[in-house]
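Which chain is which? The protein sequence lines are V and Z, in order.
Under the working numbering, the letters of the first sequence match residues 1 to 313, in that order.
Under the working numbering, the letters of the second sequence match residues 1 to 313, in that order.
Don't read these hints as lab results, they were simulated from the structure.
Because the structure is a prediction, the values reported are computed rather than measured.
Misleading hints may appear alongside valid ones.
Calculated lysine to aspartate or glutamate pairs in the EDC-like style (CA-CA distance at most 20 angstroms, straight line) [what the hints assert, rightly or not]:
1. Z:166 - Z:177
2. V:299 - Z:137
3. Z:282 - V:210
4. Z:282 - V:208
5. Z:28 - Z:50
6. Z:28 - Z:70
7. V:299 - Z:292
8. V:282 - Z:210
9. Z:28 - Z:68
10. Z:93 - Z:68
11. Z:299 - V:208
12. V:146 - V:170
13. V:28 - V:137
14. V:166 - V:145
15. Z:299 - V:132
16. Z:166 - Z:155
17. V:146 - V:4
18. Z:299 - V:142
19. Z:93 - Z:50
20. V:282 - Z:177
21. Z:299 - V:170
22. Z:146 - Z:50
23. V:299 - Z:145
24. V:28 - V:56
25. V:282 - Z:208
26. V:282 - V:248
27. Z:93 - Z:118
28. V:166 - V:155
29. Z:282 - V:211
30. V:166 - V:177
31. V:28 - V:70
32. Z:282 - V:132
If you only want the chain Z side, here are some residues facing chain V, beta carbon under 10 angstroms, derived [as the list claims (entries may be wrong)]:
33. 44
34. 48
35. 52
36. 140
37. 218
38. 251
39. 257
40. 282
Backbone N, C-alpha and C define an ideal beta-carbon position, used for all residues, glycine too.
There are 2 protein chains.
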Amino acid sequence: MSDDFSPFGRLALIGIGLIGSSIAINAKARGLARHIAISTRSAQTLARAEELGLGDSYHRDAAEAVRDADLVILCVPVGSVGAVTQHIANDLKPGSILSDVGSVKGSIVAQMSPHVPEGVHLVPAHPIAGTEQSGPDAGFLELFEKRWCILTPIEGSNMAAVARLKAFWEACGSDVEEMAADHHDLVLAITSHLPHLIAYNIVGTAYDLEEVTQSEVVKYSASGFRDFTRLASSDPTMWRDVFLNNREATLEMLARFSEDLSTLQRAIRDGRGEQLFETFTKTRAIRRQIIEAGQETAKPNFGRNKPPKKWEG
Amino acid sequence: MSDDFSPFGRLALIGIGLIGSSIAINAKARGLARHIAISTRSAQTLARAEELGLGDSYHRDAAEAVRDADLVILCVPVGSVGAVTQHIANDLKPGSILSDVGSVKGSIVAQMSPHVPEGVHLVPAHPIAGTEQSGPDAGFLELFEKRWCILTPIEGSNMAAVARLKAFWEACGSDVEEMAADHHDLVLAITSHLPHLIAYNIVGTAYDLEEVTQSEVVKYSASGFRDFTRLASSDPTMWRDVFLNNREATLEMLARFSEDLSTLQRAIRDGRGEQLFETFTKTRAIRRQIIEAGQETAKPNFGRNKPPKKWEG
Numbered sequence: 001m002s003d004d005f006s007p008f009g010r011l012a013l014i015g016i017g018l019i020g021s022s023i024a025i026n027a028k029a030r031g032l033a034r035h036i037a038i039s040t041r042s043a044q045t046l047a048r049a050e051e052l053g054l055g056d057s058y059h060r061d062a063a064e065a066v067r068d069a070d071l072v073i074l075c076v077p078v079g080s081v082g083a084v085t086q087h088i089a090n091d092l093k094p095g096s097i098l099s100d101v102g103s104v105k106g107s108i109v110a111q112m113s114p115h116v117p118e119g120v121h122l123v124p125a126h127p128i129a130g131t132e133q134s135g136p137d138a139g140f141l142e143l144f145e146k147r148w149c150i151l152t153p154i155e156g157s158n159m160a161a162v163a164r165l166k167a168f169w170e171a172c173g174s175d176v177e178e179m180a181a182d183h184h185d186l187v188l189a190i191t192s193h194l195p196h197l198i199a200y201n202i203v204g205t206a207y208d209l210e211e212v213t214q215s216e217v218v219k220y221s222a223s224g225f226r227d228f229t230r231l232a233s234s235d236p237t238m239w240r241d242v243f244l245n246n247r248e249a250t251l252e253m254l255a256r257f258s259e260d261l262s263t264l265q266r267a268i269r270d271g272r273g274e275q276l277f278e279t280f281t282k283t284r285a286i287r288r289q290i291i292e293a294g295q296e297t298a299k300p301n302f303g304r305n306k307p308p309k310k311w312e313g
Numbered sequence: 001m002s003d004d005f006s007p008f009g010r011l012a013l014i015g016i017g018l019i020g021s022s023i024a025i026n027a028k029a030r031g032l033a034r035h036i037a038i039s040t041r042s043a044q045t046l047a048r049a050e051e052l053g054l055g056d057s058y059h060r061d062a063a064e065a066v067r068d069a070d071l072v073i074l075c076v077p078v079g080s081v082g083a084v085t086q087h088i089a090n091d092l093k094p095g096s097i098l099s100d101v102g103s104v105k106g107s108i109v110a111q112m113s114p115h116v117p118e119g120v121h122l123v124p125a126h127p128i129a130g131t132e133q134s135g136p137d138a139g140f141l142e143l144f145e146k147r148w149c150i151l152t153p154i155e156g157s158n159m160a161a162v163a164r165l166k167a168f169w170e171a172c173g174s175d176v177e178e179m180a181a182d183h184h185d186l187v188l189a190i191t192s193h194l195p196h197l198i199a200y201n202i203v204g205t206a207y208d209l210e211e212v213t214q215s216e217v218v219k220y221s222a223s224g225f226r227d228f229t230r231l232a233s234s235d236p237t238m239w240r241d242v243f244l245n246n247r248e249a250t251l252e253m254l255a256r257f258s259e260d261l262s263t264l265q266r267a268i269r270d271g272r273g274e275q276l277f278e279t280f281t282k283t284r285a286i287r288r289q290i291i292e293a294g295q296e297t298a299k300p301n302f303g304r305n306k307p308p309k310k311w312e313g
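Bound-form chain V, shown alone (with noise of 0.2 angstroms):
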């Protein structure tokens, strides 16, 4: 058990994919919570995180799941809150905390809001982690670990439900920071939603050329191409929902990086050299600032150069 955490009595996960079975496995190794209930619709799913022993109770009703928990975490798509909440309002505990982990804030605020009790402490949170894989077996220990989760409190948010959920994300290994809901949608927007959507798009780019082969774009990937496909290879309905439910951000910097690409596009159309290069410069210094603050790996091609096997000559 963590030093500096008094457990949660019992903590509800709705949903068990790669982030809600990362959460399970660090309540219980740090001991963060007395009991895990396991919620999730699907049968299959369920039984799966029974089979990795995840939690200690397993649910396929939601409503079930959260009777009697402190807290609530719900680890849905972001489409799919609205409808949660509603189904476990009249269920969940007076003096509860409520929160979940989606990608979107201020839509999870709206969705969320006009269900939950009187008496029942609603914070949003988002932890910025995660890999490309999917499903309960996706998650490990270590994936909140010097990552940032961010709390979106709402108007008259209760102080100590927000400090509450700050310490159990602290505990996981998260620093945590607070933001305003619209301020969070807009920061994600060019930090994670136009990355996703930029990678989706390319990659079906290549997908749907005829001049060259899905095989030559597989062989030869390593030359960039490859870097795109990790993110264009996240769960599609986490994302359709982020990018429907944070529409007018991810638009507006669409807007932007199009505009930049024109210029890019004009720049190479006219054979202007040096303005290529003031802007192939200028983007150095970004990486270097998130290897610095330990949000990314020194190593070369992100680590993974080592070979195969070694050569042995």
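Since the structure of chain V is provided, determine the placement of chain Z on it from the hints.
Quick look at chain Z alone, frame taken from chain V:
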């Protein structure tokens, strides 16, 4: 020494950045040449190459390095190969092989061909390998291991010379394929040039934002953005030259990309979730194929997930 490779007498490397130094390390470790002559215009870089012990002789003047060389490989930015070829032309040995490592092949052939003396065998080559780092310190033995190297022989290329160069690259660990220069440039436009352009562009967009601070972009970059910063920290001179020298194919692929992006943009604006879901699903398959082809790690997050320190709660 590699079992099935009879070494070159003198190998001259003109330019000693990431690729040049990796070739030098391979040639030395695997005994692919009896003498490695290294040349670069920068006194500082040349001194560093000597400090690293990358070669057997070191030359400020490329013409001096290529004298009596059996294999000459230009490892300079694509925009410089014409001038370098012109400069060394008179000193190239009859019967020797002249090659390069440029990411663009049509322009390379056009730039070099006019200067290549009768009896010297021009065989353009492109090892599809690299990292975001540059300079003589960036090279390493395993860079070409299991990566493709594309040869684009020109009309009338000497077949023995092509076979010799193929064997050289295979001895460095590469799989070798032959291709027409213009097809190479189209394939690389989608697998490498467009990805780099997009990466430079999105990092540039983030750099210029006013609503989101650079420190926020850095902090929350693990949500997707950081993946792009790797390509966007590649050598600016090299990439300026690539775009200026593969203008048509890059602009063509960029046009496709932009069309597809407009389609996605409209789907988001109109809230067409099914269309988004469909696009995001088909792109997943390509990464699986790349992993199966041994061109990418199967580990989530490129394997960089291991936390800085283990949790010891």
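Results for each hint:
{"no.": "1", "hint": "Z:166 - Z:177", "verdict": "holds, 8 angstroms"}
{"no.": "2", "hint": "V:299 - Z:137", "verdict": "holds, 13 angstroms"}
{"no.": "3", "hint": "Z:282 - V:210", "verdict": "holds, 16 angstroms"}
{"no.": "4", "hint": "Z:282 - V:208", "verdict": "holds, 10 angstroms"}
{"no.": "5", "hint": "Z:28 - Z:50", "verdict": "holds, 14 angstroms"}
{"no.": "6", "hint": "Z:28 - Z:70", "verdict": "holds, 16 angstroms"}
{"no.": "7", "hint": "V:299 - Z:292", "verdict": "violated, 24 angstroms"}
{"no.": "8", "hint": "V:282 - Z:210", "verdict": "holds, 16 angstroms"}
{"no.": "9", "hint": "Z:28 - Z:68", "verdict": "holds, 18 angstroms"}
{"no.": "10", "hint": "Z:93 - Z:68", "verdict": "holds, 6 angstroms"}
{"no.": "11", "hint": "Z:299 - V:208", "verdict": "violated, 27 angstroms"}
{"no.": "12", "hint": "V:146 - V:170", "verdict": "holds, 9 angstroms"}
{"no.": "13", "hint": "V:28 - V:137", "verdict": "holds, 16 angstroms"}
{"no.": "14", "hint": "V:166 - V:145", "verdict": "holds, 14 angstroms"}
{"no.": "15", "hint": "Z:299 - V:132", "verdict": "holds, 10 angstroms"}
{"no.": "16", "hint": "Z:166 - Z:155", "verdict": "holds, 17 angstroms"}
{"no.": "17", "hint": "V:146 - V:4", "verdict": "holds, 18 angstroms"}
{"no.": "18", "hint": "Z:299 - V:142", "verdict": "holds, 15 angstroms"}
{"no.": "19", "hint": "Z:93 - Z:50", "verdict": "violated, 25 angstroms"}
{"no.": "20", "hint": "V:282 - Z:177", "verdict": "violated, 36 angstroms"}
{"no.": "21", "hint": "Z:299 - V:170", "verdict": "violated, 26 angstroms"}
{"no.": "22", "hint": "Z:146 - Z:50", "verdict": "violated, 28 angstroms"}
{"no.": "23", "hint": "V:299 - Z:145", "verdict": "holds, 18 angstroms"}
{"no.": "24", "hint": "V:28 - V:56", "verdict": "holds, 9 angstroms"}
{"no.": "25", "hint": "V:282 - Z:208", "verdict": "holds, 10 angstroms"}
{"no.": "26", "hint": "V:282 - V:248", "verdict": "violated, 28 angstroms"}
{"no.": "27", "hint": "Z:93 - Z:118", "verdict": "holds, 10 angstroms"}
{"no.": "28", "hint": "V:166 - V:155", "verdict": "holds, 17 angstroms"}
{"no.": "29", "hint": "Z:282 - V:211", "verdict": "holds, 19 angstroms"}
{"no.": "30", "hint": "V:166 - V:177", "verdict": "holds, 8 angstroms"}
{"no.": "31", "hint": "V:28 - V:70", "verdict": "holds, 16 angstroms"}
{"no.": "32", "hint": "Z:282 - V:132", "verdict": "holds, 15 angstroms"}
{"no.": "33", "hint": "44", "verdict": "violated, 19 angstroms"}
{"no.": "34", "hint": "48", "verdict": "violated, 18 angstroms"}
{"no.": "35", "hint": "52", "verdict": "violated, 16 angstroms"}
{"no.": "36", "hint": "140", "verdict": "holds, 8 angstroms"}
{"no.": "37", "hint": "218", "verdict": "holds, 5 angstroms"}
{"no.": "38", "hint": "251", "verdict": "holds, 6 angstroms"}
{"no.": "39", "hint": "257", "verdict": "holds, 5 angstroms"}
{"no.": "40", "hint": "282", "verdict": "holds, 6 angstroms"}
In terms of the numbered hints stated before, the structure departs from hints 7, 11, 19, 20, 21, 22, 26, 33, 34, 35, listed from lowest to highest.
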